[in-house]
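Let's have the full structure, built from the sequences with the hints guiding it.
Protein chains: 2
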Amino acid sequence: MANMKNAKWVVKSHPEADLSEDNFDLIYDEVPEPDAGQVLIKTKTLVITPPLRMAVGSGGITGSVVPVGDMMRGTGQGEIIVSNHPDFSVGDVVSGAFGWQEYSISDGKKPFPIEKIEARAGQPLNTTMHIMGASGATAYIGFYDLAKPKPGDIVLVSAAAGTVGSIVCQLAKHSGCKVIGIAGNQVKCDFLVNELGIDGAINYKNSDVAEELKALCPKGIDIYFDNVGGEILDHALDIIRPRARVILCGATSQYEADGSWYGPKNYFNLVYREAIMQGFYIFNYRDRFPDAYRRLSDLINQGALKYNEDILDGIESVPSALVQVLSGENFGTQLVNVSQES
Amino acid sequence: MANMKNAKWVVKSHPEADLSEDNFDLIYDEVPEPDAGQVLIKTKTLVITPPLRMAVGSGGITGSVVPVGDMMRGTGQGEIIVSNHPDFSVGDVVSGAFGWQEYSISDGKKPFPIEKIEARAGQPLNTTMHIMGASGATAYIGFYDLAKPKPGDIVLVSAAAGTVGSIVCQLAKHSGCKVIGIAGNQVKCDFLVNELGIDGAINYKNSDVAEELKALCPKGIDIYFDNVGGEILDHALDIIRPRARVILCGATSQYEADGSWYGPKNYFNLVYREAIMQGFYIFNYRDRFPDAYRRLSDLINQGALKYNEDILDGIESVPSALVQVLSGENFGTQLVNVSQES
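Line order of the protein sequences matches chains R and X. So the first sequence is numbered by the working numbering: it starts at 1 and just counts up by one. So the second sequence is numbered by the working numbering: it starts at 343 and just counts up by one.
What the hints contain is simulated information worked out from the structure, not anything from laboratory work. Remember, predicted model here, so these are calculated numbers, not experimental data. Positions of the beta carbon are idealized from the N, C-alpha and C atoms, including for glycine. Among the hints, erroneous ones may be present.
Stated by the list, open to error - SDA-like cross-link-like pairs, simulated, lysine to any residue; straight-line CA separation at most 20 Å: (1) X/K384 to X/E358; (2) X/K607 to R/D238; (3) X/K458 to X/R628; (4) R/K265 to X/G572; (5) R/K265 to X/Y604; (6) X/K515 to X/D532; (7) X/K452 to X/S400; (8) R/K265 to X/S400; (9) R/K265 to X/Q620.
Claimed, not checked - Chain R side only, calculated, beta carbon under 10 Å to chain X, not exhaustive: (10) I81; (11) V82; (12) S83; (13) P242; (14) V271; (15) I276.
Listed below in structure tokens is the structure:
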């Protein structure tokens, strides 16, 4: 488009250890003209999640590695500002893997699929990026369909103040479970106990997690909802009770590991305690999404379910948002408002 | 008993690495007199299994560690030779945790429980120590109830020539699965393919297991029945297909590890492939045993299910039987005939 610049972040280098803002370069190119059958999208919001780390590391769950010089991968919501496509109109909000840039082109399917987004179950549009989106569905379906809670179950949740973790904590309390959360700073721990009403929280960065777990869960745990992997998964496996369910949702502690992951040495307790450890791919449960959204929305409306958004502003903020997420300094779902006007 | 000596093996030392016969001492004491309410049992047969290694190591699945100087733990079948107990008669065959000795005393519950043993589903009495006993039930229930095979499933079995593994291999073939076995020498591999009719076998001691697996299971595996743990579990997790079932039955590779076990680094494939990894305690499935025994017996009678016993003679042979089992030199269920006459 004449005279319109597109700011985009490209990968400058693959981090050797901790990712930093220096691993990315902000460059500017022309906003492309959409051809027949294409739309031009202006990015409104990007969602920044820990697995993005693997896009500049092992590849892992994000698929292939982004080569140095290429645009960084990322998803979010954008608004159609030019449409040459019969199914999309100017002003439509769509979700898609736009990448870390202000403007992108799609024909609906390529180079990335887009999907029209509307508010779900009466909640604000932004919540479709977290609690009324895949994260909410992950928490709901992972907890109810896979972990199969019973009242009185003792539930441990890691990354408990995160998008998925904080929903699981609240669903577990709502289901009559005793809930212990693990988080990375005292503010989060206080929030979990005082605001979300869970029974105990462990700050893994300044305590002996194994000792704290023994103190808070002397009888062990029935459900572990794992978002972090690593040694904390091992501590959890150490105290699973008979017929426990270990639900593998994420492994944030391992996303910086390039290649060799930490293997849980206590996995054989699955035998001693007749327990199950399992993973799931949330998009294979699409038929359950409407029910999940409706019930999550009901709980929000009843004041029984809270969520936080941690919002940074401007395309300039995207790498620092990822750094913040990886160090656990964010508080709630990490979003970057790239542009809120169309 | 006057003039009767009881030969017993006591633990001389806890092995630093590989267990050897030198870790045990054969001593002789008096055969005790049974009191009122007690029976005197003459050990007929001891069953020697890999988990026994943990009794002189980490404790692990066998419970506590046997202290130096104490009698080594072990189970088998014996015959009542004196009975002061109304429920047991001279000549009854009972199973129990007699330990590695020729004669033992029990009141039916203490110091160890005994249970009267009769032939099951028309098979020889000895088979109650393996295929018509807990091992057979483990294979049957672990495979059918937990792994839930479908015709066409690709099934990988480790320690495939062992008591449990060889039954699983045959049940899987019987169920229309493609079956690949892993074993520790060429004789076992040939037996698996030529005698049990499985589709391929890998000798893990002289091959690159990961490479062989890729060649034999290019599409991956649907079921992994794990008897060994360690790196082979990781290789299996590397090639699980969507919705795979990893059944944890044993971890022979880890029983010599005192304390720190090998944790499977590829466990997160349970997420990518939406798979389940689970253990079970066979004695919580007791209500399924009669059905398992009846159907295993039918298959034996039809010639569709074979088993091997590897029998050594005399109480003197017990430590060498365990050494043989741990090095994988045994062929079939390892038994020691301590005494076959009463």
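(request) Against the earlier hints, flag every one the structure doesn't satisfy and list their numbers going up. (result) Per hint list: 1, 7, 10, 11 and 12 violated.
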